[in-house]
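Go by the hints and put chain F onto chain G.
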Amino acid sequence: MISIEEIKHLEELSKLQFSEEEREKFQKEFDAIIDFASQISNADVDSGKSFIKTIKMQDLREDEIKPSLPQDQVILNAPSKKKGCFAVPKIMD
Amino acid sequence: MINLGVIETRDKILAGETTCESVVLEYIQKIKSSKTNAVLEVFADAVDLAKEMDKKIKSGFKGKLAGVPIIIKDNILVKGKHASAGSLILKDYIAEYTSTVAQKLIDAGAIIIARANMDEFAMGGSTETSYFGKTLNPHDLTRVPGGSSGGSAAAVAENLCAASLGTDTGGSIRQPSSYCGMVGVKPTYGRVSRFGVIAYASSLDQVGPITKSVADNALLLEVLSGADINDETTEHLQVEEYTNYLNQDIKGMKIGVVKQVDNITKGLDTEKNYNDIKTFLKNNGADIVEIEIPHLELVLPVYYIIAPAEATSNLARYDGVKYTRRSEDAKNLEEIYKKSRTEGFGSEVKRRIMLGNYVLSSGYFDAYYNKARALQAKLREEYLDAFKNCDVILMPTATGEAYKLGAKSNPVDAYKEDIFTVSANITGLPCIAVPYGVGPNNLPIAMQFLAPHFEEKRLYKIADFVEKNKEAK
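Just so you know, the sequences run in chain order G and F.
When we follow our numbering, the leftmost residue of the first sequence carries the number 3, and every step to the right adds one.
When we follow our numbering, the leftmost residue of the second sequence carries the number 57, and every step to the right adds one.
With the rest of the complex left out, here is chain G (with noise of 0.2 Å):
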């Protein structure tokens, strides 16, 4: 069974925060998604060989200066900004 301490590091991994209710429930259900993802562990494939799109060199676009969105309208959904930029509070003293 998964432990306290390692749903507790995985929220950290998530930057999520569960209450002491929500980790027990979440406990139980995880397990059971966790045997029903151990099924793969008897499967003999090779790990090594695994399947991954590669790029074709014809796929890449020219090197052109062309226009990106403005400033402005790449931050327009920030809940804080100021002079155009995102804004978040001081992390360094």
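Just so you know, the hints here were simulated from the structure itself, not pulled from any lab data.
Nothing here was measured: the structure is a model prediction, and the numbers come from that model.
Incorrect hints may appear among the rest.
Think about it this way: if two alpha-carbon atoms lie no more than 25 Å apart in a straight line, the pair counts; the simulated DMTMM-like pairs of lysine to aspartate or glutamate are [claimed, not checked]: (1) F:464 <-> G:37; (2) F:107 <-> F:163; (3) G:85 <-> F:375.
If you want the footprint, here are the derived chain G segments under chain F, 3+ residues with CB under 8 Å [what the hints assert, rightly or not]: (4) 13-19; (5) 23-35; (6) 38-47; (7) 73-83; (8) 86-93.
We treat Cβ as the ideally placed atom computed from N, Cα and C, and that holds for glycine.
Chain F alone, transformed into the frame defined by chain G:
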């Protein structure tokens, strides 16, 4: 007018029998009285755009979708309009630019009248996980419309638009099409651009049409397909005129049926429809060829490892800094991230982000993620091998008809519903869901056909035949 599909609507408008404006007004009226919650928002400029379109048509415009009212899923961007992916975290988000698919619709003359409800970030198969409330199935209001493109499928079925767009990462166009009695296509990976579409799992996501008929679907995919400089995964292949492959004979066509699918289907509500269509195809001169996909039963765990892994990365961008919603309690940067995400995401989205981080974390990466990618390669190989002996592969879309609201509250039970749909995403193959008969409660059920990569024309050929001849048996 609002019972008509894409082609009929366009032809009547072009022939002057009606106007785009009056059709759009009629749809908006119908949306206002709808009780299914399929539509989240009617776009304020729809009527003005329709008036402009009428002028354009008068001066000779004859676009493939001239005047046709279309609804798009809530994860497809149109500049200046809301797109929320069914999530609180994007509730107030306004698109900064227009997606390639929306632009293609507009250029062809379509009027995008509204946006449709969906499972939050397209994670789900019932449209019950939307922050904006569940959508009901128009055929039976006590049942789900399917998902995640449940709003899009319900909207077409309820005659709230002539056709709609959905997105499909693991069956999200085809399964709701089955539950709502519509035709849904997930195109080949790389056939349609995803630029301006809110991402879920980028190696699996595709945009596709949901329509009342196969012919409408073929026409829409002609419009939507093609290479896009803004989506590197799109292929530089000529777009075929899919509508040229309608009204054809299927004599001698080789239909692959998968041994493993036959086994899974036994005892399911969909079994009768599956067996009936095999007989129907045989009676009409097609050859039924038995094939094997030895690893088919592992496709679901493979999907539920790869999709959350990619979702984890794609959803990292919702950090309370760039997109609209920041927690009011947050005092520092770390709290902005954590609290904004904790408040903004629903439980299914959180579950998949956590699962993604689990399978990607050190110690588990090889056992889950790498193994799943290797199995993905294997499955792809098995499907491509199978196509050496057949032209298309037949299988059910869902395990049965639309289920009751709230019936699949256990996540693993809900995931198991996707057994027939995820193969197309895991392999990148194109796939069509076309209605074939009804289930025990008289509700629609669709069958699926898969074709080799970029062979959508085969799907339209066989599905069009099924649609037009199924009554004759």
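Checklist entry - Within the assertion that chain F covers the segment 23-35 of chain G, do at least three residues meet a Cβ-to-Cβ distance smaller than 8 Å? => result holds (count 5)
Checklist entry - Counting residues of the segment 73-83 of chain G that have a beta-carbon nearer than 8 Å to any beta-carbon of chain F, does the count reach 3? => result As far as the segment 73-83 of chain G goes, the hint holds, because 7 residues have Cβ atoms under 8 Å from chain F.
Checklist entry - Under a C-beta cut-off of less than 8 Å, do 3 or more residues of the segment 13-19 of chain G approach chain F closely enough to confirm the stated coverage? => result holds (count 6)
Checklist entry - Are at least 3 residues of the segment 86-93 of chain G within less than 8 Å of chain F when you compare beta carbons? => result Holds: 4 residues of the segment 86-93 of chain G have a Cβ under 8 Å from chain F.
Item to check | Hint consistency between residue 85 (chain G) and residue 375 (chain F) [alpha-carbon to alpha-carbon, up to 25 Å] | outcome: 20 Å, holds
Checklist entry - Taking a Cβ-Cβ distance under 8 Å as contact, does the segment 38-47 of chain G have three or more residues in contact with chain F? => result Holds, because 8 residues of the segment 38-47 of chain G bring their Cβ atoms closer than 8 Å to Cβ atoms of chain F.
Next on the checklist: Holds or violated: residue 107 (chain F) and residue 163 (chain F), Cα atoms, limit 25 Å.
Outcome noted: 16 Å, holds
Checklist entry - Straight-line Cα separation of residue 464 (chain F) and residue 37 (chain G) no greater than 25 Å? => result 18 Å, holds
Of the numbered hints listed earlier, not one is contradicted by the structure.
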